[in-house]
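Participant: The hints should help you fit chain B onto chain A, whose structure is shown.
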Amino acid sequence: MITEFGHFALVLAFFVACVQAVVPLVGAYKRWPGWMAVAEPAANVQFLLTAASFAALTYAFVFSDFSVQLVTINSHTDKPLLYKITGVWGNHEGSMLLWVLIVTLFGAFAAWFGGNLPPTLKARVLSVQAMIGVAFFAFILFTSNPFLRMSVPPFDGQDLNPLLQDPGLAFHPPFLYLGYVGLSMTFSFAVAALIEGRVDAAWGRWVRPYTLAAWIFLTVGIGLGSWWAYYELGWGGFWFWDPVENASFMPWLIAVALLHSAIVVEKRESLKSWTVLLAIIAFGFSMVGAFITRSGVITSVHAFATDPERGVFLLLILAVFMIGALALFAARANVLQAKGVFSLASRESMLVANNVLLAVSALVVFVGTMWPLVSEMAFDRKLSVGAPFFNMAFTPFMVVLGLILPVGAMLPWKRANIGRIIRQLRGAFALAVAVGALTFAMQTGRSALGPVGLFLGAWLVSGAAVDLWGRTGRGKNRLGRLARLPRADWGKSIAHAGLGVTFAGVAGILAWETEDIRVLQMGESLDLSGYTVKLDDVRRIQGPNYTAVQADMVLSRDGREISTLQPEKRNYPVARMPTTEAALDIGFWRDIYVVIGDPQDNGGWAVRTYYKPLANWIWGGSILMAIGGAFSLSDRRYRVAAGARKAAPRASGVPAE
Amino acid sequence: MKHLALSLALCLMASPLLALEPDEVLDDPKLEERARDISAGLRCLVCRNESIDESNADLARDLRLLVRERLIAGDSNDEVVQFIVDRYGEYVLLNPRVTGSNLVLWLAGPGMLLIGAGIGWAYLRRRGRAEDDQIDPLDEDEAERLREIMKD
Chain A
1 MITEFGHFAL VLAFFVACVQ AVVPLVGAYK RWPGWMAVAE PAANVQFLLT
51 AASFAALTYA FVFSDFSVQL VTINSHTDKP LLYKITGVWG NHEGSMLLWV
101 LIVTLFGAFA AWFGGNLPPT LKARVLSVQA MIGVAFFAFI LFTSNPFLRM
151 SVPPFDGQDL NPLLQDPGLA FHPPFLYLGY VGLSMTFSFA VAALIEGRVD
201 AAWGRWVRPY TLAAWIFLTV GIGLGSWWAY YELGWGGFWF WDPVENASFM
251 PWLIAVALLH SAIVVEKRES LKSWTVLLAI IAFGFSMVGA FITRSGVITS
301 VHAFATDPER GVFLLLILAV FMIGALALFA ARANVLQAKG VFSLASRESM
351 LVANNVLLAV SALVVFVGTM WPLVSEMAFD RKLSVGAPFF NMAFTPFMVV
401 LGLILPVGAM LPWKRANIGR IIRQLRGAFA LAVAVGALTF AMQTGRSALG
451 PVGLFLGAWL VSGAAVDLWG RTGRGKNRLG RLARLPRADW GKSIAHAGLG
501 VTFAGVAGIL AWETEDIRVL QMGESLDLSG YTVKLDDVRR IQGPNYTAVQ
551 ADMVLSRDGR EISTLQPEKR NYPVARMPTT EAALDIGFWR DIYVVIGDPQ
601 DNGGWAVRTY YKPLANWIWG GSILMAIGGA FSLSDRRYRV AAGARKAAPR
651 ASGVPAE
Chain B
1 MKHLALSLAL CLMASPLLAL EPDEVLDDPK LEERARDISA GLRCLVCRNE
51 SIDESNADLA RDLRLLVRER LIAGDSNDEV VQFIVDRYGE YVLLNPRVTG
101 SNLVLWLAGP GMLLIGAGIG WAYLRRRGRA EDDQIDPLDE DEAERLREIM
151 KD
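Sequences listed follow chains A and B, in order. Count the first sequence with the UniProt record's numbering and you get residues 1 to 657, in order. Count the second sequence with the UniProt record's numbering and you get residues 1 to 152, in order.
One should not assume that every hint holds.
To be verified - Here are the simulated lysine to any residue pairs, SDA-like style, with alpha carbons at most 25 Å apart: (1) Lys382(A) with Lys30(B); (2) Lys382(A) with Tyr88(B); (3) Lys414(A) with Asp635(A); (4) Lys382(A) with Gly116(B); (5) Lys382(A) with Asp37(B); (6) Lys30(A) with Glu309(A); (7) Lys476(A) with Pro412(A); (8) Lys30(B) with Asp527(A); (9) Lys30(B) with Val519(A); (10) Lys534(A) with Arg34(B); (11) Lys30(B) with Glu515(A); (12) Lys414(A) with Asp37(B); (13) Lys414(A) with Arg125(B); (14) Lys382(A) with Thr99(B); (15) Lys339(A) with Asp141(B); (16) Lys534(A) with Glu24(B); (17) Lys30(B) with Arg518(A); (18) Lys30(B) with Glu309(A); (19) Lys30(B) with Thr532(A); (20) Lys382(A) with Val98(B); (21) Lys30(B) with Tyr611(A); (22) Lys382(A) with Gly89(B); (23) Lys30(B) with Asn95(B); (24) Lys414(A) with Leu138(B); (25) Lys414(A) with Gly128(B); (26) Lys534(A) with Leu59(B); (27) Lys339(A) with Arg129(B).
Claimed, not checked - Every beta carbon over 10 Å from chain A, so not counted as near; a handful from chain B, in silico: (28) Asp27; (29) Glu54; (30) Asp141.
It should be emphasised that the hints constitute simulated quantities derived from the structure, not laboratory data. No residue lacks a Cβ here, since even glycine has one placed at the ideal position from N, Cα and C.
Just chain A, same shape as in the assembly (with noise of 0.2 Å):
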């Protein structure tokens, strides 16, 4: 019955999303205040409807109801709690459902938040919203239904993926899904600005706390991805250039370029068309995400629905929303004029030196990802495109844009003399340099990865220090002032000292990783970078749906104990898939990481301990990045964007920095 209620509820917010995507922009644009007034609650009712929706289809995870197919296949009654919740999307059908619910509710937020809008623009926004809103729904009713009942119930179902079952990737899908679709909504605000035919600063206002939150909740979710890929995996990689990974990667690395030149749109009203561009593209490549995921077009670790009716779908969804949205660019970009005026050594033109950075840099992710698939069409030529090439060719964008990085963030807007700036941040390049110089004379013999890495993350880190404090001002209380500063400010900072941070970790973990893999008898150790490693002990043990192999391994430093690791080879009996559970001690400087292996023939036990110095400055970067961009989120400056709309034709006077 309540899978019933929740059918029902999303097939009636299909259709409020249909008069929600027609109504509104008649509405705007005949002027009718009635019709344009239909959005607002349209948008509430939507939300309501699929969020009801579901709500069923959680009920029926939670309570395993194995009348409904979905949950007989991805389900089980021995599963912990915990995970028949997030059960409900680590499938197909359930992930797509939880995508329209955050398309609905980042629209009921335009609804609910955007009371400053001007109606005409928020009739359309809303309206344009609706009709991503609209595709999806038809989506999932047409080829994805997650409510399809089973004629005859089994006793039992078949339990979820068990790499599924795991805190760390639990909560990677709704963090990404909220920056995926976070994203639409700066593409409905895009969308709408050419319509209206008016994009000014009040514009890169309202856009960028939308752009700023999807970017928050994709860096969360990629960080738990790659955190869980480290833990999880067995071996500690935490990025594979999977065309999964890059699926997520190319919207981040546009959101990033979005979010810088939406604050010249907003600071300065220039490269607007270009903004409007990027807010189009940042959302089609979301999409290329979903396609790539659930196609099955090119084969990747975790494709997890290979479905070429489903693919077709997506790609008509995917054309149709890119090239209207890219015709009617075509067509208006013209009116956006811009305005600002600024010299070649301006903060202006280090933003765009930045997003052509980025931008190139998602391109060749794209490139290389869609690679196989053009190669093998247009050439017959089946090839692989992997790690190495990316590494290689990627890369050096990140090692210039780490460079001119704390230069382009001290520029001031308009015109900058530059040697003021190169003498403000002499001294963090110099710690900078000696910092790579000191890694360079302690590492023997390899490769230049890590000095590099750690130089830049010490110059970005400085770097950011060097303009927080430069902010505020000469004389006394100083400290004081820090304290005061805007939070954008802060958020600014932070931000970019954890990019630093995250290029150090990587450096590091690439540059000096050691491994060990061989047979340790019961109760024998080893040495790994001058950390000693003993097996104490291996038994069986029984979880709540796995049974599994746990050793003690007791690990010491110069006679001194510092910790139990207790890696596990898991076998879920259910789903018939071995998992393994590496266990960590985690550190500042290191982790060491270990995973039991098989028993051997001879006695004993395969064991594999690595040594991983800097690891978690990977996500401890990502997790400052956050917080800066969660900083900035709450300026006040946001929040009071409702005196925008007055002021919006003169919003360009907003103190420049």
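Facilitator: Coordinates of chain B only, in the frame set by chain A:
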């Protein structure tokens, strides 16, 4: 009964392999390092985008052993890779070769950077030069308002 079924299922299930088994590791650390380097660049053909170094499939194990065999036989790194490519095709290379149509792939990055930088530069020049004619003259109302302000 349930327990019996469970233990039966456990027995029937092949136990998982680690990617690289201790018995595969070569005694000569130099040679082993070369083997790892080569393995990281070769694709496991039955997997989905994993190198043979990372994969626990049987085929990946066979390929790892083959790589080590060729190394012990005295092949150079390039010869080993060529040996495998001859048998399994270009598809095994995770780093596509810079030949023929692949030039498009390799030149895409630098090419797009040049184009992007060119467009960006042209834009910046235009904005820089636009200086003089950009200051909109005041219209009547604005001029009136300005006069009012200046009177005070």
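Participant: Does each hint hold? Answer for all of them.
Facilitator: Right, here's what the structure says about each hint:
1. Lys382(A) with Lys30(B): Between Lys382(A) and Lys30(B) the Cα gap is close to 33 Å, so the pair fails against 25 Å, i.e. violated.
2. Lys382(A) with Tyr88(B): Given pair Lys382(A), Tyr88(B) holds - Cα atoms ~11 Å apart, limit 25 Å.
3. Lys414(A) with Asp635(A): Given that 25 Å is the threshold and the Cα spacing comes to 23 Å, the pair holds.
4. Lys382(A) with Gly116(B): violated (30 Å)
5. Lys382(A) with Asp37(B): OK: Lys382(A) and Asp37(B) at ~23 Å, within 25 Å.
6. Lys30(A) with Glu309(A): violated (39 Å)
7. Lys476(A) with Pro412(A): holds (23 Å)
8. Lys30(B) with Asp527(A): The hint holds at about 19 Å.
9. Lys30(B) with Val519(A): At roughly 20 Å apart (the allowed maximum being 25 Å), Val519(A) and Lys30(B) satisfy the hint.
10. Lys534(A) with Arg34(B): At roughly 29 Å apart (the allowed maximum being 25 Å), Arg34(B) and Lys534(A) break the hint.
11. Lys30(B) with Glu515(A): OK: Lys30(B) and Glu515(A) at ~15 Å, within 25 Å.
12. Lys414(A) with Asp37(B): Answer violated: Lys414(A) to Asp37(B) is near 49 Å, above 25 Å.
13. Lys414(A) with Arg125(B): Holds, at about 13 Å.
14. Lys382(A) with Thr99(B): Roughly 14 Å separates the two Cα atoms, so the pair holds.
15. Lys339(A) with Asp141(B): holds (21 Å)
16. Lys534(A) with Glu24(B): Answer holds: Lys534(A) to Glu24(B) is near 22 Å, not above 25 Å.
17. Lys30(B) with Arg518(A): At roughly 17 Å apart (the allowed maximum being 25 Å), Arg518(A) and Lys30(B) satisfy the hint.
18. Lys30(B) with Glu309(A): violated (51 Å)
19. Lys30(B) with Thr532(A): holds (24 Å)
20. Lys382(A) with Val98(B): Between Lys382(A) and Val98(B) the Cα gap is close to 14 Å, so the pair holds against 25 Å.
21. Lys30(B) with Tyr611(A): holds (20 Å)
22. Lys382(A) with Gly89(B): Holds, at about 8 Å.
23. Lys30(B) with Asn95(B): holds (23 Å)
24. Lys414(A) with Leu138(B): Distance of about 22 Å is within 25 Å: holds.
25. Lys414(A) with Gly128(B): Given that 25 Å is the threshold and the Cα spacing comes to 9 Å, the pair holds.
26. Lys534(A) with Leu59(B): violated (32 Å)
27. Lys339(A) with Arg129(B): holds (13 Å)
28. Asp27: holds (12 Å)
29. Glu54: violated (7 Å)
30. Asp141: Label holds. Min Cβ-Cβ 13 Å, cutoff 10 Å.
Checked against the numbered hints given earlier, this structure breaks hints 1, 4, 6, 10, 12, 18, 26 and 29; the rest are met.
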